[in-house]
Structures are given as C-alpha cells and as structure tokens.
Amino acid sequence: MAAVSQSAMTAEPSVEKPKMTARKLDLFYSDNQALYEVNLDIPEQQVTALIGPSGCGKSTFLRCLNRMNDTIDGVTIKGDVTLDGRDIYDKRIDVVQLRARIGMVFQKPNPFPKTIYDNVAYGPRIHGLVNSRDELDEIVMTSLERAGLLKEVKDRLQSPATGLSGGQQQRLCIARAVAVSPEVILMDEPCSALDPIATAKVEELIDELRSNYTIVIVTHSMQQAARVSQRTAFFHLGKLVEVGETDQIFTNPKDERTKGYITGRFG
Amino acid sequence: MSLSFLLLAVAALCALSFYFGRQRAVALSGGRHSNLHSLPVHYGAYTAAWCGLPALFLLLIWYMFQGSVIEALIVSDLPQEVIGDSGRLSLALNSISQIAAGGGEHLTVSPEIVDAGRRLANLQTIANAALVVVMLSVALAGLVLSYRRIEADMRARNNVERISRAIMIVCSAIAILSTVGIVFSLMFETLHFFSKINPLDFLFGLEWSPQTAIRADQVASEGAFGMIPLFVGTLLITLIAMCVAVPVGLFSAIYMGEYAAPKFRAVAKPALEILAGVPTVVYGFFAALTVAPFLRDNGAILGLDVSSESALAAGLVMGIMIIPFVSSLSDDVMSQVPKSLRDGSYALGATKSETIRQVIFPAALPGIVGAVLLAVSRAIGETMIVVMAAGLAANMTVNPLQAVTTVTVQIVTLLVGDQEFDSAKTLSAFALGLVLFLVTLGLNVFALKVVQKYREKYD
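Chains as they are written, first to last, in the numbering used here: chain A, 1 to 267; chain B, 268 to 726.
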C-alpha cells in the first residue's frame with residue numbers, strides 16, 4: 001500500500017499544456033508548515049477541483065496561485081509557481097499585474113459597498129482598460145452577461161450591490177473578476193454560503209466560463225467537484241495525495257486515503 | 268457617632284447578614300446545593316441587600332427633612348415680631364445656628380435667641396442620636412426579617428437580580444436627571460435674561476459689548492448683546508482647527524492602520540494618543556506663549572499684520588489637540604471594514620492606495636464623518652485654549668490673523684470676578700451657554716445618527 005501511495009504522489013501531476021504549474025511548493029505560516037512539496041499542473045481551459053478535509057491546505061495552495069498569501073504576515077514560500085512558464089514569484093513580476101491576469105472569487109460574497117455598476121467597473125477602471133464611458137458600459141454589460149446576472153439587474157445597475165441576494169452577490173463577484181479579462185479564475189469554495197438553487201446557477205456558470213478561462217476551484221462538496229471539474233486534486237495534511245481525471249479519482253482512486261475520503265470514511 | 272461610623276456600622280451589619288444568610292441556606296440545603304432554588308451566595312446577597320438598602324434609603328430621607336423639621340420647631344418658639352419679618356427671621360436663624368455651633372460669643376442678641384441656640388444644639392444632638400438608633404434598628408429588622416424568610420425553595424437568585432436591576436435604574440436615573448437639571452437651570456436663567464433683552468436682538472445682533480453700568484451713577488455703555496460675532500469667532504477657530512485636525516488625523520490613521528509595520532505601530536499609536544492626555548491648559552499656554560508670538564514675528568517678516576492674540580494661533584493649537592481624537596476614531600472605523608473587501612480589491616489587482624482610496628475609505632466614510640462631527644463639537648465647546656490665545660475683542664471678522672473671541676471665552680469672562688447675579692450682563696452667559704449646548708447637542712445627535720447608519724451596513 002505504501003508503494004501505491006508513493007506512486008500516486010508522483011503519478012501524472014503534469015499535463016500536456018499546463019496553464020499554471022507548481023513545483024516543490026512549501027509554505028510556512030511563521031513556523032508551521034502548511035504545504036509540503038506540492039507538485040501540480042493546472043491545465044488550460046479546464047476546471048481543476050481541489051478537494052480535501054478542512055485544514056488540508058487546499059485554500060492555502062489556491063492563494064499561492066495569485067500571491068494572495070503575500071497580504072498575510074509571516075508567510076514564507078519555497079518552490080516554484082509558474083504562469084505560462086514564467087515564475088510568478090520572480091522579483092520582476094508585478095503582483096498587481098499578476099492579479100489582473102489571475103482573478104479570484106471568495107468563499108463569502110464580498111461586493112464593495114458601491115453600486116452594481118461600479119462593482120463591475122472597479123477592475124477595468126483601476127487598470128485603465130477603457131478609454132471611454134461607452135467602452136466601460138460594454139465591459140460591464142458583457143461581464144454581467146457572462147456571469148448570468150444581466151437579466152436580473154439590468155434595470156437597477158445604479159442601486160447598491162449589497163441589496164442583492166447572496167447568490168446574486170456571488171455572481172456579481174464573478175462578473176467583477178471577469179471584467180478584468182483574466183486568464184485564470186480561482187474560486188475558494190464559491191458556493192459554501194449559497195442555497196442549493198443559487199449553487200446550481202453558479203455551477204452552471206462555472207461550466208460555461210470554462211470555454212474562455214482556466215478555472216481552479218476549492219470545494220468541500222465532492223458532488224460539486226464531480227459535477228463541475230475535469231481534473232481533481234486531493235489534498236491531505238498539506239500534501240497533494242492524488243491528482244487525476246475527475247472520473248478516475250471518483251471511480252477508481254489509486255490511494256487509500258483518497259478512497260477513504262471520497263467514500264466518506266474520514267474527512 | 269459621626270456619619271462615617273454609622274455607615275461603617277451598617278456595612279458591617281451587611282457583611283454579617285451576608286454571612287448569616289449564606290449559612291442558613293447552606294444549613295437548609297443539608298449539604299447538597301441542588302436542594303436549594305438558588306446558590307448560597309444569592310441568599311447571602313439577598314439578606315445583605317435587605318439589611319443595607321432600607322437603612323440607606325432611610326438615611327437619605329432623614330437628611331432631606333431633618334434641617335427643615337428642626338428649623339420649624341425653633342421658629343415656632345421665637346417671638347411673633349421676629350417671625351413676621353423675613354429679614355429679621357433669617358438674621359435670627361443665622362445667630363441661632365452660630366450659637367448652636369458653639370460660637371457667637373461676640374453677638375449681642377436677646378436671651379430668646381440664646382435660648383433658641385441652645386435648644387437647636389440640643390435638638391441636633393437628639394436628632395443625630397435618633398438617626399443612629401432608627402437606622403441601626405431598621406438594618407437589624409431587615410436582617411432578621413429577610414433571614415427568617417429564607418427557605419430552600421425561596422427564589423433568592425431572582426430577587427437579587429431584581430434588586431441589582433433597581434440599583435442600575437437608580438444610577439441611570441441620576442445620570443439622566445442631572446443632565447435634565449443642568450438644562451433646566453440654564454433654561455430658567457435664559458428666560459430671565461430674555462425678559463431683559465429681546466431674544467431677537469440676542470440671536471441676530473451683530474454687536475457684542477456686555478459692559479453695563481452696575482451703579483446708577485456709573486458711566487458705561489448701554490450694553491449690546493448680539494451673539495453673532497461670538498459665533499463667527501467660534502466657527503472661525505473651529506474651522507481652522509478642523510483644517511489642521513482632519514487631514515493630519517485622517518492620514519495618520521491611514522498610515523497607522525494600513526501601512527505601518529506592527530512594531531512601529533505599537534510605539535507610534537500610543538505616542539499619538541499621549542496628545543489626548545495633555546491638559547488643555549497646557550495647550551493654552553503653548554498657544555499663547557509659543558505659537559502666537561511665532562506667528563506674529565513671522566507675519567511681520569512677511570509684512571502681514573498679525574495681532575499677538577490671533578484666531579490662527581488658537582485654531583492651530585486646538586487642531587493639534589483634536590488630532591488624536593480624529594485619528595483614533597477613524598482608525599477604529601477603518602479597521603472595522605471587513606477584510607473580505609480588502610481581499611476582493613487586492614484580488615482584482617488593486618494596489619494598496621487604490622484599495623484604501625476606493626474601497627476602504629468610502630466604506631468607512633459615514634463613520635469618519637461621525638468622528639469629524641464629534642471632533643467639531645469638541646472644538647466648539649473647547650474653552651481653555653481660546654481663553655488664553657484667542658483674545659477678548661468681539662471682532663466681527665473672518666480674518667484669522669486678528670483677535671477674535673468665542674462663546675466659551677465670553678462665558679468665562681462674564682462669570683469671573685465680582686458680578687451681580689441679576690444683571691443682563693451675567694445672565695447673558697446662561698443664554699450663550701444654552702445656545703452652545705443646543706448647537707453641540709445637535710451636532711452630536713447628527714454624528715451618532717451617521718455612525719449608526721454605518722453600523723447597520725455590515726451586520
């Protein structure tokens with residue numbers, strides 16, 4: 001069994017056309033190590049799901065991909081993370097530009113206390129993506145459309161975003177991320193604060209977004225991972241235990257721990 | 268027995284009754300606390316409360332009425348012609364109390380008065396002794412009665428709860444009633460003032476010169492009581508203070524809250540708050556002795572005519588005084604902006620200053636406005652700095668280089684020194700105080716409303 005798990009650790013972390021890669025990634029919160037030598041490739045225009053029990057490091061890993069861990073004091077990172085083959089922790093990389101290329105959606109919907117329009121327009125404005133009001137209008141409309149929210153809000157773009165329902169707020173956050181035209185979208189348990197109907201809508205949306213964006217999603221729901229993702233990575237105690245095609249992980253896991261987790265024996 | 272000994276005795280009785288009450292409860296429980304309705308301490312507190320509170324209440328009532336009852340007894344024995352004349356009566360009562368206190372040898376008074384004095388001393392002794400006896404017996408009665416009421420299923424816990432609630436109600440009533448009392452005392456004097464001076468002249472008059480003749484033969488002006496120049500001066504100084512305090516306070520709050528390394532913050536923040544601990548009188552002489560001459564001398568170099576007591580000096584120093592007020596309040600509201608909003612902004616590729624300017628600051632704005640309004644009402648009510656540095660001349664000017672005067676300064680000068688208390692001059696201080704109170708009250712209410720609106724947002 002030990003041999004099996006060893007082989008699983010090394011088995012096919014790489015894919016043919018990776019959008020992002022992580023190699024030998026270690027992460028420490030002060031003295032506590034949260035990630036151990038994670039090797040993972042994120043394939044382009046697919047949904048990669050990160051699953052695992054609470055505290056296993058999947059969210060931490062996700063936040064390494066757009067350097068959000070930089071905002072936390074006392075975090076040290078070793079190893080490499082690349083985007084299109086370039087190391088994102090390179091000193092020459094501007095983290096601000098990096099985050100414009102890698103968008104993020106959080107666990108709890110966090111619209112700014114501004115109007116719906118201004119929420120979506122926030123990113124394009126700070127990055128100077130538009131030259132005229134018309135262009136901005138167009139970006140806002142397309143982004144809302146892509147997030148499947150336009151129909152519901154087109155008559156009240158100037159009303160405060162905090163007045164939307166939880167599911168609408170989360171889709172607004174997705175529209176906000178999409179508005180900067182990122183290449184990758186990271187989602188940290190985007191449905192955990194939503195009811196089943198709102199969840200279904202967001203999942204549908206994720207599936208549609210896949211044709212334009214590379215998506216990495218952290219989820220606690222194994223059904224969700226099975227429904228929306230093409231590849232699944234299972235984390236346990238800060239280590240990447242197993243990664244593979246979603247079908248294979250859920251029907252024929254190679255590692256005993258993966259099997260235990262997805263059949264609900266621990267976690 | 269003096270009052271303090273009496274209070275000590277009652278306190279000792281309370282302690283004793285706490286002990287007894289608790290003992291009895293423990294005895295009733297038969298060793299198992301679950302047999303009791305409440306914990307043993309509740310029974311102790313219950314007996315202690317019934318021992319102490321009625322006695323204290325009695326003491327209060329006693330002191331309210333002791334003086335007037337004894338006086339009535341003394342007065343009833345005085346000769347008729349003394350009672351009839353209120354002037355003679357108060358003179359007689361004065362001598363009587365002097366004699367009773369053991370003095371009055373130098374007084375030349377009739378034997379009736381001397382007798383009355385002795386009787387007063389007697390009555391006071393009797394009253395004090397009676398108080399001791401009555402109070403201690405009330406305390407003891409409370410102890411015994413409540414002790415006997417203790418049973419295993421008595422709801423001592425609920426009773427104690429009710430008693431403590433009553434105590435809190437009394438405390439808040441004292442706080443509220445004293446405020447109401449202050450307002451009413453201001454209001455009555457103000458009405459008195461308005462019976463001498465037309466309220467419209469006061470509210471809209473453009474001239475302030477309160478020097479009126481005290482005696483009929485004195486040469487003095489008629490007196491003009493228009494409050495506008497004072498409010499112009501107050502607002503001018505407040506405006507200058509805000510121009511200093513708001514930007515400096517706000518930017519230091521942003522730096523402390525968002526940029527400073529934790530170590531620097533740990534040192535710098537308390538250092539900034541020390542400013543709030545400097546007594547205002549110290550700011551006052553800093554303004555008068557350091558800042559004002561500095562401004563005057565440098566103004567002279569630039570060819571400006573700066574008077575040695577200027578609105579600018581007072582306003583600048585007042586602004587410095589208010590900096591910690593603005594900065595710590597706005598630091599608080601900005602740190603209350605949820606982290607998820609910052610993360611959301613950073614994740615979109617915003618820089619720190621973009622995040623602060625476009626997300627945190629707007630989200631915290633209502634709270635910051637509230638903080639600024641509270642600071643304004645503080646500046647308007649500030650007295651010591653302006654007394655020392657702004658001057659007394661009621662100039663109707665918005666030139667910050669000249670001396671102006673403020674409402675608070677005028678109140679101080681009107682009431683300091685020998686004054687007769689029913690002249691328009693003195694009474695105008697109360698009218699000014701009332702208007703000032705209403706202005707700051709309005710500002711505070713408005714500020715609290717704004718802050719409340721902010722609070723609702725992130726619930």
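Keep in mind that the hints were calculated from the coordinates and are not lab data.
Glycine included, every Cβ here is placed at the ideal spot set by N, Cα and C.
Please note that a few of the clues may not be correct.
[As the list claims (entries may be wrong)] Simulated crosslink set (DSSO-like; lysine-lysine; CA at most 27 Å straight-line):
1) B:Lys606 with A:Lys108
2) B:Lys619 with A:Lys114
3) B:Lys619 with A:Lys78
4) A:Lys108 with B:Lys530
5) B:Lys606 with A:Lys114
6) A:Lys108 with A:Lys239
7) B:Lys606 with B:Lys716
8) A:Lys78 with B:Lys720
9) B:Lys530 with A:Lys114
10) A:Lys91 with B:Lys619
11) B:Lys530 with A:Lys78
[As the list claims (entries may be wrong)] Here are some chain A residues pointing at chain B (derived, C-beta under 10 Å):
12) Ser30
13) Asn32
14) Thr71
15) Lys91
16) Arg92
17) Val95
18) Met104
19) Gly123
20) Pro182
21) Gly244
We went through each hint and held it up to the structure:
For a cut-off of 27 Å, the pair hint linking Lys606 (chain B) to Lys108 (chain A) stands: about 11 Å separates their Cα positions. For the hint linking Lys619 (chain B) to Lys114 (chain A), the alpha-carbon distance of about 18 Å falls within 27 Å, and the restraint holds. Of the pairs offered as hints, the one joining Lys619 (chain B) and Lys78 (chain A) holds, with about 25 Å between alpha carbons and a cut-off of 27 Å not exceeded. The straight-line distance between the Cα atoms of Lys108 (chain A) and Lys530 (chain B) is roughly 31 Å, outside the 27 Å bound, and the hint therefore fails.
Pair hint Lys606 (chain B) plus Lys114 (chain A) holds up; C-alpha atoms about 16 Å apart against a cutoff of 27 Å. With a C-alpha separation of about 26 Å, the suggested pair Lys108 (chain A) and Lys239 (chain A) falls inside the 27 Å cut-off, and the hint holds. Between Lys606 (chain B) and Lys716 (chain B) the CA atoms are separated by roughly 25 Å; this keeps the pair inside 27 Å, and the hint holds. Restraint check: the Cα-Cα separation between Lys78 (chain A) and Lys720 (chain B) comes to about 46 Å, which exceeds 27 Å; the hinted pair is violated.
This hinted pair does not check out: Lys530 (chain B) and Lys114 (chain A) have alpha carbons roughly 34 Å apart, beyond 27 Å. For the hint pairing Lys91 (chain A) with Lys619 (chain B), the CA-to-CA distance comes to about 18 Å; that is within 27 Å, so the pair holds. Proximity of Lys530 (chain B) to Lys78 (chain A) is assessed by CA-CA distance (about 26 Å); at most 27 Å being required, the pair is judged to hold. Interface hint status for Ser30 (chain A): violated, as the beta-carbon distance to the closest one in chain B is roughly 13 Å, over 10 Å.
Annotation: interface hint on Asn32 (chain A) violated; nearest CB of chain B at approximately 19 Å, more than 10 Å. Evaluation of the Thr71 (chain A) hint against chain B yields a held restraint, the C-beta minimum of about 6 Å falling below 10 Å. This hint is violated: Lys91 (chain A) has a C-beta 17 Å from the nearest C-beta of chain B, more than the 10 Å allowed. With 10 Å as the threshold, the beta carbon of Arg92 (chain A) stays out of range of chain B, its nearest partner Cβ sitting at about 17 Å, so the hint is violated.
This hint holds: Val95 (chain A) has a C-beta 8 Å from the nearest C-beta of chain B, less than the 10 Å allowed. With its C-beta approaching chain B no nearer than about 4 Å, Met104 (chain A) sits inside the 10 Å limit, and its interface hint holds. Interface hint status for Gly123 (chain A): upheld, as the beta-carbon distance to the closest one in chain B is roughly 4 Å, under 10 Å. Taken as an interface hint, Pro182 (chain A) checks out: its beta carbon lies about 9 Å from the nearest beta carbon of chain B, inside 10 Å.
Look at Gly244 (chain A): its Cβ only gets to about 29 Å from chain B, farther than 10 Å, so that hint breaks.
Hint violations for this structure: numbers 4, 8, 9, 12, 13, 15, 16, 21, all remaining hints satisfied.
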